[in-house]
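J.: Here is what each chain is made of, one letter per residue.
Number of protein chains: 2
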Amino acid sequence: MRQSGTNLPKVGRYNRAVVLDQIQLADGISRVEIAQYTGLTPQTVSGIVRRLIEEGIIREDGESKGAAGGKPRTTLRVNADAGCAVGLHFDPVELSCTVVDLLGRPLVVKKRPARHVTDPAEVVKDMAELVADVLAETGVDRDKVLGIGLATPGPIDLEHGVIVGAPQLTNWTRVPVQHMLSETTGLPVTLDNDATAAAIGERWSGAGRGVADFAYFFFGTGIGGGLILNHQVYRGGSRNAGEFGHSSVLPDGPECYCGNRGCLERLVNPTAIVAEVHRRLAAGSHPDSALARVFAEDPDAVDHAAIRVAAAAGDPVAAAVIDETAEHVASVAVDIANFLDVDLIVLGGHGIQHVESRYVAVVAAALKSRPLSRHIRVVEVEASPLGTDAAVVGSAALVLHATYSPQLSALVGAGVTPGSQR
Amino acid sequence: MRQSGTNLPKVGRYNRAVVLDQIQLADGISRVEIAQYTGLTPQTVSGIVRRLIEEGIIREDGESKGAAGGKPRTTLRVNADAGCAVGLHFDPVELSCTVVDLLGRPLVVKKRPARHVTDPAEVVKDMAELVADVLAETGVDRDKVLGIGLATPGPIDLEHGVIVGAPQLTNWTRVPVQHMLSETTGLPVTLDNDATAAAIGERWSGAGRGVADFAYFFFGTGIGGGLILNHQVYRGGSRNAGEFGHSSVLPDGPECYCGNRGCLERLVNPTAIVAEVHRRLAAGSHPDSALARVFAEDPDAVDHAAIRVAAAAGDPVAAAVIDETAEHVASVAVDIANFLDVDLIVLGGHGIQHVESRYVAVVAAALKSRPLSRHIRVVEVEASPLGTDAAVVGSAALVLHATYSPQLSALVGAGVTPGSQR
Chain A
1 MRQSGTNLPK VGRYNRAVVL DQIQLADGIS RVEIAQYTGL TPQTVSGIVR
51 RLIEEGIIRE DGESKGAAGG KPRTTLRVNA DAGCAVGLHF DPVELSCTVV
101 DLLGRPLVVK KRPARHVTDP AEVVKDMAEL VADVLAETGV DRDKVLGIGL
151 ATPGPIDLEH GVIVGAPQLT NWTRVPVQHM LSETTGLPVT LDNDATAAAI
201 GERWSGAGRG VADFAYFFFG TGIGGGLILN HQVYRGGSRN AGEFGHSSVL
251 PDGPECYCGN RGCLERLVNP TAIVAEVHRR LAAGSHPDSA LARVFAEDPD
301 AVDHAAIRVA AAAGDPVAAA VIDETAEHVA SVAVDIANFL DVDLIVLGGH
351 GIQHVESRYV AVVAAALKSR PLSRHIRVVE VEASPLGTDA AVVGSAALVL
401 HATYSPQLSA LVGAGVTPGS QR
Chain B
1 MRQSGTNLPK VGRYNRAVVL DQIQLADGIS RVEIAQYTGL TPQTVSGIVR
51 RLIEEGIIRE DGESKGAAGG KPRTTLRVNA DAGCAVGLHF DPVELSCTVV
101 DLLGRPLVVK KRPARHVTDP AEVVKDMAEL VADVLAETGV DRDKVLGIGL
151 ATPGPIDLEH GVIVGAPQLT NWTRVPVQHM LSETTGLPVT LDNDATAAAI
201 GERWSGAGRG VADFAYFFFG TGIGGGLILN HQVYRGGSRN AGEFGHSSVL
251 PDGPECYCGN RGCLERLVNP TAIVAEVHRR LAAGSHPDSA LARVFAEDPD
301 AVDHAAIRVA AAAGDPVAAA VIDETAEHVA SVAVDIANFL DVDLIVLGGH
351 GIQHVESRYV AVVAAALKSR PLSRHIRVVE VEASPLGTDA AVVGSAALVL
401 HATYSPQLSA LVGAGVTPGS QR
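These protein sequence lines are chains A and B, in that order.
If you use this note's numbering, the first sequence corresponds to residues 1 to 422, in order.
If you use this note's numbering, the second sequence corresponds to residues 1 to 422, in order.
Extracted from the complex, chain A is given alone in its bound form (with noise of 0.2 Å):
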C-alpha cells in the first residue's frame, strides 16, 4: 500500500472534473463562480470551459448580471442530453434498466422479473434485450450511451469485474459478468455493488448532491450501505466498506448468518418484520388495527408490502413495529455519526417505501438527542428522492461517476476506475 505521485496529465484530468462537476451541481454558474468555489485560476477554468462548450458537453446559457458595475457573466449549463448512460440493476428477483441523461435524471426505467436465475449467461442475455428496449424505447443515440452501469449483489470482485457469489445467486461462483454483458451489447461495462451504486446515485443526482461526508443505507431484501467520505467514494482496503446491516444492536440477540449476534439486518430485513407483526396479530386482539381484520382473513395478505403501507397508513401494530425497526437503524445511524462525523445519512431502497418519513423522524430524534457532538452540529437524514429505482438510477450514476466526477484515485492513482472495463 503505497501513496502515489501526480503528474500534469493527471493535473489536468482532474481540474476538468472538479469544473464539470461545478456545473454539473449548480443551477447555472459563472466562469468566475468557478474559479471562487475551485481555487483555479480564471485562465485554468476558462481553458478548461472552452474545452468543455467544444465537446459539447457544456453550453453558454445567457448572461447573469455580475458584481456592481461588473460586467455581465455568462452561465454555464450542462448539456444534458450531450451524452446519456444506461443502468442496470440485477436483483435475484427484479431485471431493472434506465436510460439517465448527463445530469444523472432517468428518461425511462423498465423492469422484468429476473428468469433462469441459475444460468448466468441466460441472465446476461436477458440484460442485454433490456439494455436493447430501454435504447429503443427512448431513441438515443448509440453514440452518445457512455456505458452501462451494473449494479449487483455483493461481494464482487471489482478488480476482475466478476460476481463473486450472493447467498441467493446459486451457481454465480466468480461469474465474469462484465466481460460477458460488455462482449454482448458493445458497450463498456462499469460494475459494482447496488448499495454502492446508490449511494453514488444519490451523490450525482440525490440527496447527497455535493454532500462532502454522507452515509446511505439501503434497504432491500438485506441491508446494504455506502459511503461518500470527502467527495470520494470510500471502499475500505477490501473493498468491503459500509456493512452497516451486520451492526450488532443487541449483543445477546438471535444469530446472523454472518456469525455476529443481533445484527441490524437480521432483526430489520422483510422476513423478521413480517413474522413480528403476524406475532403480534396472532397473540392479542386489536380492535384498532385494520390489520387485524385482514389477518384474521388470510394472513399470507399481511405481506411486508402491506405492513409498510398499513405503517404508512397509522395502523397501531404495523406502526409500532416499524417504528422498533427504525428504532434498530437510529442506533446505528448514532454509531456512524460518533465515528465518522458525516454530514447528512440518507435512507433509500424498496425495504422502507411508504415508511421513509416514518424511519426519518425515528433516525432525525436519535441524531438530535445521541451523538457526542450534537451540541456542534446536528447530522441530518434524509430520504433518498430517488425511491425505489435508487439502485437502477444509481447503476447508471456509476458511468456518469466513472466518467466525469473529480476522483481522487484518478489525480494520485494509477489512473484506473476500478470495475471498468471497456
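Possibly wrong hints are sitting among the right ones.
Claimed, not checked - Going by beta-carbon spacing under 10 Å, a handful of chain A positions derived as facing chain B:
1) Ser-46
2) Ile-48
3) Gln-232
4) Leu-344
Simulated from the structure, these hints should not be mistaken for laboratory data.
Everything numeric in this text was worked out from a predicted model, so none of it was measured.
Cβ atoms here follow ideal geometry from the backbone N, Cα and C, with glycine treated the same way.
Let chain A serve as the given structure and place chain B on it in line with the hints.
T.: Chain B alone, transformed into the frame defined by chain A:
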C-alpha cells in the same frame, strides 16, 4: 462544501512529500524503487531527491545491487538529525514533553504533574518551561526545531487554535492556547486532540507505518479514537470523527454523560473497572486471587493500575473483568471493521498498560470470527509500540505530519494545514 482544483506548485509540494514519505517508510530505498512505488517518472524523482539532499533532509548511504546486470543503486535515507519536533501532551493531571528526530524517535520524554490547571496562563507558562527543559537536555540546535505539537483533550476548535473546554478542564472555555504557547516560546504550534495526535504518531513511527486505513483506540481517562483512511487523517465534517468511546454496546446499559446509553466508555473506564472489581471482591470469596488478599487489607490499594498488573499476572478476578471490558472493545472493533473495512486496529494509551496482550487477544478473536468480510481478509489488531508515550510522541508527530506528509488536503484544498499557526 466544494471540491477544489489543484495547480503546479501544489503538485510539486505533494510529490515532494510522497517521495520523502517513501524514504521515511523504507529502511533504505533507491531512486528507481521510489519511481516504481509512486508512479512518478525517474526524472521527477531525481529532481526531488537532489533538492532534498541539498536541503540536508536526506542523504545517500552506500549502494545496493540492482537487478541482474544492472548498475548498482544508491540507497537513500532520511537524515534523522536534520531537524526535530517538540511534542507536548496536556493531560489534566500531567504534562508530558518530548523531542523527536525526523524519524519520529523520541530523544527524551519528561513529565511533570499539571499544576494550577484552572489557570490557563499558568499552564502555558509551565508548558513553555518544560519545552525549554527538554530542548536544553537534548542540546538540539534551536534552528532545527520545526515546531511544537500540542495534544489536548477534546473538544478543540482547530480553525482558531482554541481549547473549547473538556469535562475536566474548568475555566478552559475557548482559550487560545495555540497562540499563547507560540507567543511564549517563539515557536510555531500545531494543535490537535490527543487521540488524533496519537493516531498520527502511530502512522509516523508506530504500528500504522505505511498502513492505508486504520483505526486507533486511545485508552486514557476516557476512550478516544483516530482514523487514518486512504493514508490521510479523517476528521469528519465538524472534525469530531473517531468517537469510538460513545458507541452504545449495551442498549439497556447505564446512561452516559453524552446522552447515549451503555456507551463503551461508560463501561470501560478506570472508575468503572475499579468499581466492578471491588464489587466482585466484596461479594464473594476468591481463594485463588492475590488481589482479594490485598483488597481485604486495603481496598484503596486495588486501584486501576493494581488491577491491570494483577490481570497481567493472571489474577482470576482482575483478568475476568479486564477480558469482559475487552469484549466490549471487540464489539466496537467489529463494527469498525464492518463499516470501514480498515486494514488494522491499533490499541494504545496508558489505560491498557500491562494488559495490552489481553486486549489484543480478545479483539483479535472477535475480528477473526464476526466481521462479514473475514473470509476475504482478517482485520489485524496490534497494541501500540509507543506504549504510554503514545500521546506525547504523537503530539510531536503532529509537526512532522504537517511539515512532511503527503496530504491530499494540501493538494486539492486551500493548502492550509488545519490547526497550524506560526
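J.: Run every hint past the structure and note whether it holds.
T.: We went through each hint and held it up to the structure:
| no. | hint | in the structure |
| --- | --- | --- |
| 1 | Ser-46 | violated, 13 Å |
| 2 | Ile-48 | holds, 9 Å |
| 3 | Gln-232 | holds, 8 Å |
| 4 | Leu-344 | holds, 9 Å |
The structure fails hint 1 only (numbered hints given earlier).
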